[in-house]
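So the protein lines, in turn, are chains A and B. Here this note's numbering is used: position 8 in the first sequence is 8, and no number is missing along the way. Here this note's numbering is used: position 392 in the second sequence is 392, and no number is missing along the way.
It is worth saying that the hints were derived from the structure and are not from the lab. Any given hint might turn out to be false.
Said to hold, decoys possible - Output of the computed footprint for chain B on chain A, the stretches with three or more beta carbons under 8 Å from beta carbons of chain B:
id : segment
1  : 29 to 37
2  : 49 to 60
3  : 63 to 70
4  : 79 to 92
Unchecked claim - Below 27 Å or equal to it, Euclidean Cα-Cα: the simulated BS3-like pairs (lysine-lysine) are:
id : chain 1 : residue 1 : chain 2 : residue 2
5  : B       : K275      : A       : K102
6  : B       : K282      : A       : K81
7  : B       : K275      : B       : K288
Beta carbons are placed, not taken as given, at the ideal position from N, Cα and C, and that holds for glycine.
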Amino acid sequence: MKRIGAAIVAAASAVFVLGATFGTVKVNLPPDDVKFKPGPGRDVTNANCSTCHSAAYVYTQPPLTRAQWTAEVTKMRTAYKAPIADGDIPTIVDYLMTQNGKR
Amino acid sequence: MAFGRRDFLAGAASAGLSLALPREGLASGTVTLPMENGRRPLVAYPQKRPLILLTPRPPQLETPFSIFDEGVLTPNDAFYVRWHLSGIPTTVSGTAHRIRVHGKVKRPLNLSVADLRTQFKRFEIIAVNECSGNSRGLFSPRVPGGQWYNGAMGNARWTGVRLTDILAEAGLEDGVRQIRFSGLDKPALPATPPFIKALSVEDIIDNGDVLVAYEMNGAPLPLLNGYPVRLVVPGWYGTYWVKMLDNIEAIDTIDDNFWMSTAYRIPQTPGNTVKPTDTGYKTVPINKLTVRSFITNVKDGATLKPGRRTIRGIAFDGGSGIKAVQFSWDGGATWHPTTLGEDYGRYSFRRWQTTFTAVRGKRYELACRAIANSGEIQTAVPVWNPSGYLRNVIETYKVSVS
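Using the sequences plus the hints, can you model the full thing?
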């Protein structure tokens, strides 16, 4: 640990050089402009899904079957712990089928 | 434009792209990837040129494939981006950042970037980072997940400190089985599993080239690629290359968090492939890259000029290195040798080149296949698994000549 402790002191004299390349980086990420399109169930879908991710996650998928969309929504709850109420799942799946469903 | 670099650019948009300066955050065109729902905007994110936007939140950006024709290293501003969780810090201090090395170690450490740069041996390696789901959009039948074409990969020169040197400084206690890693990114919901990845100690020792990297192609990492430090696991899929690394923990168990025990698993079957109807097979965490090769200067569906044509591309594998790349113009009926380019090490893209005579009016099916030093070779039968991992089928491009 002595070696590491010394490193911090040594680094202090090099702060200017290090700061030049390893300073504070600040970025502004572009806003998420992909929105769920109008349709029955959009508000419920927005309320349950948009906290964590963009609607682009839906529209860039291949058209999925009802079983696949149901599995995706269920995964959001079981794996990622999204607090989706039981009663909202059919509404969301119905909406996703109108947006990008494979029948 | 037979050998054009426009790479699926929609006609009107591509003309604009070459003239207009990219404006950060604004779409500067669109591309249509060869898959259903494959239309994507090209957007310049911070520290990036316009890239193919898969999702804006969390950001996922794909490298336009034509970039891979321009050189063996992928420029930092063109390197693909993939985050799992939307809580990404947008302000990161390279001086305040610390990497905590703790758990079952004799001497816990709290390392700054300056410590890494001044107190440990500097080490450099050129290695491919490929997303586990690269090319998922080409799976048939399609599978849910990030719908990448072939550009969720890149090859860079990584500079940093060997993980084994850091672990030697910390001193692993007896009985340590895995080291686990996490970074500054956070889930939007507190209950969502934080992004944590683990490597077994024997894999880290076998692969002595695992780095804690603070430079990428000789410059600090772009924030979206993990500034100020990320794990570099040469020969292994990108999921292990933890970005904004701030946590290294030695454990005496096998990590069972979601991102190891449920996500990023491949079938433990021959060739890691299954049928869509298969169930009940065992799985293991995804690990080494499969061997792949690509033509980079011709795209599928291109029209070639008649005459002697140069065909070139890239190849890579999970760390044995590329032994040979073969080229076919008849869809794999016959194979012909190519000339390998300079060797930048066994984890790097290896460029290759050959020529063939394109006869006016004829159609060809151009294909390449790589043979790794390990003996692994690409085949014509695609791997299929429900997560869309490991694609390495021989890619075939249909072209005509006029």
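Evaluation of the provided hints:
Here the segment 29 to 37 of chain A counts 6 residues with a CB under 8 Å from a CB of chain B, which clears the bar of 3, and the coverage holds. A stretch counts as covered by a chain when three or more of its residues have a beta carbon under 8 Å from one of that chain; for the segment 49 to 60 of chain A and chain B the count is 8, and the coverage holds. A count of 3 residues in the segment 63 to 70 of chain A with a Cβ less than 8 Å from any Cβ of chain B is obtained; the coverage claim is therefore met, three being the minimum. Coverage of the segment 79 to 92 of chain A by chain B holds [criterion: at least 3 residues with CB-CB distance below 8 Å; count 5].
In summary, the hint linking K275(B) to K102(A) is supported, as the alpha carbons are separated by about 20 Å, within the 27 Å threshold. Under the criterion of a C-alpha separation no larger than 27 Å, the hint pairing K282(B) with K81(A) is consistent with the structure, at around 25 Å. With a CA separation close to 22 Å, the supplied pair K275(B) and K288(B) stays within the 27 Å bound.
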